Amino acid sequence: MEADQPIQSTLEILIGLKDVTVESSQELGKNRVLGWNWSVRENQIWILGGTAGSGKTELLSVASGLIKPRSGSVSLFGKEVQDLEPEAWLEEKLKLGLVFEDGGRVFQDLSVYDNLMLPLAYHELPDTDKNHAWVTQILEMMGMSSMLNRLAGRLSRNWRQRLGLARAMVLRPEVLFLDNPLGVVDSHHGQWWLEFLDSLVHGDYEWKPKSIVVSASDLKPWLDRSNCLAMIHDGDWVEMDPSDRDTLNRNPLVRALSTGINQPL
Amino acid sequence: MEAIQSFPEKNEEELPSSPEWSRRPSLSMLMGRKIIRSIGTLHELIAFSLITLSVTLLKFNRSKAVVHPLIRSQIYLAGIRLVPLVGMVAVMTGFIVVGQLISLFSMVGASRYTGLVMVVAVVRELGPLMTAMMVLARVGTSTVIELGTKRAMGEVEALEALGIDSIHYLVVPRVLGLALSIISLTIYFILISLASAYLFVFMQDIPMKPGAFINQIAGALHVSDFLMLVLKSFFFGTIIAVVTCYEGLARPIRLGEISSAATRAVMKAILFCVLLDAVFILYWMV
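Here the protein sequences line up with chains A and B, keeping their order.
Here the working numbering runs 1170 ahead of the position in the first sequence, where the first position is 1.
Here the working numbering runs 4 ahead of the position in the second sequence, where the first position is 1.
No lab work stands behind these hints, which were simulated from the structure alone.
Errors might be hidden in some of the hints.
What the hints assert, rightly or not - DSS-like, lysine-lysine: derived pairs with alpha carbons at most 25 Å apart:
(1) K1238/A to K1380/A
(2) K68/B to K1265/A
(3) K68/B to K1300/A
(4) K1300/A to K1249/A
(5) K1263/A to K1249/A
(6) K1265/A to K1249/A
(7) K1380/A to K1265/A
(8) K1390/A to K1378/A
(9) K1300/A to K1378/A
(10) K1249/A to K1200/A
(11) K1265/A to K1378/A
(12) K1249/A to K1390/A
(13) K1265/A to K213/B
(14) K1263/A to K38/B
(15) K1238/A to K68/B
(16) K1263/A to K68/B
(17) K1188/A to K1300/A
(18) K1263/A to K1378/A
Everything numeric in this text was worked out from a predicted model, so none of it was measured.
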C-alpha cells in the first residue's frame, strides 16, 4: 500500500460520520463510540487502532451501513442516509464491502463458489457468464481456485478469512472495510494478506477500491501501508499522521499496539 | 462541597436490611411478570409476522433465481420427504381410531352417522392437526437449530452486509414452503386414513360397500369444509414457520442457547396451533 500519500482533504468524501454515538454490541445499553466525527475520502487508507473491545467493530459496522448509530448522522457518497429511500440506500450500501473478523462469517452450508455467486445472483446482476468469469478471477486472486466446490464450513479459519475477503470484493465495492483481518490468520496467511492488499492498492488487478479502512489491534504491519491513522481508546478518538513517527512514538497506546509494551518503533 | 462532607455516605453495613419477605417475589408478582413477558413476546411475534408478510408481498418476484429454488427446497424438505412418515401415521390413525369408531357405530346400529364422524374426526380435526405436529417435529425444530446457528455464527449480519434481506432469503421460503407442504400433506393424510379406515371395516366383515362409505362421507362434507381445511392447514404452516424462524433469528443468540430456543419454539407453535384450532371449532359450532 502507498504510505507516502498525504491526506488530501479536497478529495471527495465517500463516507461521513457526524456526532455519531454507537451502542456496544456486547453490552446492550452501553455506548462505545461517543459523538465522533469521521470522514473517509478517496485514496485514503485508514487504520483504526485500538485494543479489543474499544469500539472498532461497532464503528466499522456503522460506517459500512450494517447498523444504525444511536445518535448522529451518516452520509454515504454525499447523501445523508436518513434521507434515502430503502432502494436508494441499498444502492449506496452495495458500494461498501465489509470483511468480518474471526473467520469472515462465511456461509458455512454453501460451497466456496456459491458464497461468491449468492450476492451477484440475489442482486440480479445481469450476464451470468461475466459473473462466473469474475468469481473465477477473484478465486484465482485468492489462491482458492482448487477449492471451488468445497463447503465453506469445512475450510480452516485462514481460508475462511480469505473467502470473507473474496465475498466482500465480489460486488466491486468502492470502499473496503477490513475488521482486524490478521486477527485469526497464521503468519504465512498474514503475509499473503499484506502482499495482496499492496497489489490491490497499486492497481495490479482489474478492480481497485477507492478507499480501504482497516481496524487492527496490532498496528505494526499497517503503519507503513496507511496514510491515515485513528486511535480509539476509552471512547476517545484521536486522529494521527502515520508518517509522523515522533508523535507516534510519544503515544503509549500506539507504542503498545505496535511493538509490544513501551518499546520504541 | 461542605454539604457533601457533612452528610457522609452510609456504609452498606449501616443500611437497614430489607426483610426477607420483601425480597422474595410473591405469586402474583411472578404471574404478573410472566403475563407481561408473554404479552411482549406476542407483540414481537406479531411484528415479525407482519414484516414477513410485507416482505413476501413486496419482494416475491425479486431475486427469483435465488429465492424460488429455496421455496422448492423447503417444499421438498417439509413436504415430499415427509410423505412416508405421514402415510404411515395416516394408516395407523385410519386403523386404530376411525376404523374402530366405525365398527363400534355399526355394533350399536348407528352406521348412518359414520360419514359425519369421519368428516369431523379426520377432515376437520385429526388431519390438519396431526400433520402440522409431524411437520413441527421433523422440520420446525431443525429450522430453529439451522437459523439459530446462522445467527450465532454471524451469518445473518454477513447477509445484511451484502445487502441481502435476511427475512426475504431465510424466512419467506420457509413460510411459503411449510404452508404449501402442510396443505398437501393434510389432504394426503386424510385420503390415506379414510382408505385405511375402510380397509379395517372390510377386514372386520362389517356390511358396508365402498360406494356407501364414500357416499356417507360425501354427504357429510360441505364446501366450507374444503375451504376451512385449506385455510387451517395454511395457517398451521405459517404459524410453525413464523414461530420457529422468530425463535432462531429474531434475537441475538449464543450456540448454547439454541436447544432451549428449539424447545420454546415447539411449545409456542403447539400452543398457537391449538388456539387457532379452537377458533375454527368456534366457526363450525356457530
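Pair hint K68/B and K1265/A, alpha-carbon separation not exceeding 25 Å: holds, 23 Å
Pairwise hint evaluation, K1378/A against K1263/A, where the allowed Cα distance is 25 Å at most: holds, 17 Å
Agreement of K68/B and K1300/A with the hint, judged by alpha carbon distance not exceeding 25 Å: holds, 19 Å
Given hint K1249/A paired with K1265/A - CA-CA distance at most 25 Å: holds, 13 Å
Restraint status (C-alpha distance of K1390/A to K1378/A at most 25 Å): Given pair K1390/A, K1378/A holds - Cα atoms ~24 Å apart, limit 25 Å.
Hinted pair K1249/A and K1390/A, Cα distance within 25 Å: violated, 35 Å
Hinted pair K1300/A and K1249/A, Cα distance within 25 Å: violated, 30 Å
25 Å Cα cutoff - pair K1238/A, K68/B: violated, 29 Å
Given pair status - K1249/A, K1263/A, alpha carbons within 25 Å: OK: K1263/A and K1249/A at ~11 Å, within 25 Å.
Proposed proximity, K1200/A with K1249/A (alpha carbon, max 25 Å): Between K1249/A and K1200/A the Cα gap is close to 29 Å, so the pair fails against 25 Å, i.e. violated.
Pairwise hint evaluation, K1300/A against K1188/A, where the allowed Cα distance is 25 Å at most: Answer violated: K1188/A to K1300/A is near 39 Å, above 25 Å.
Agreement of K1265/A and K1378/A with the hint, judged by alpha carbon distance not exceeding 25 Å: Answer holds: K1265/A to K1378/A is near 12 Å, not above 25 Å.
Hints 4, 10, 12, 13, 14, 15, 17 from the list above are not met by this structure, while the remaining hints are.
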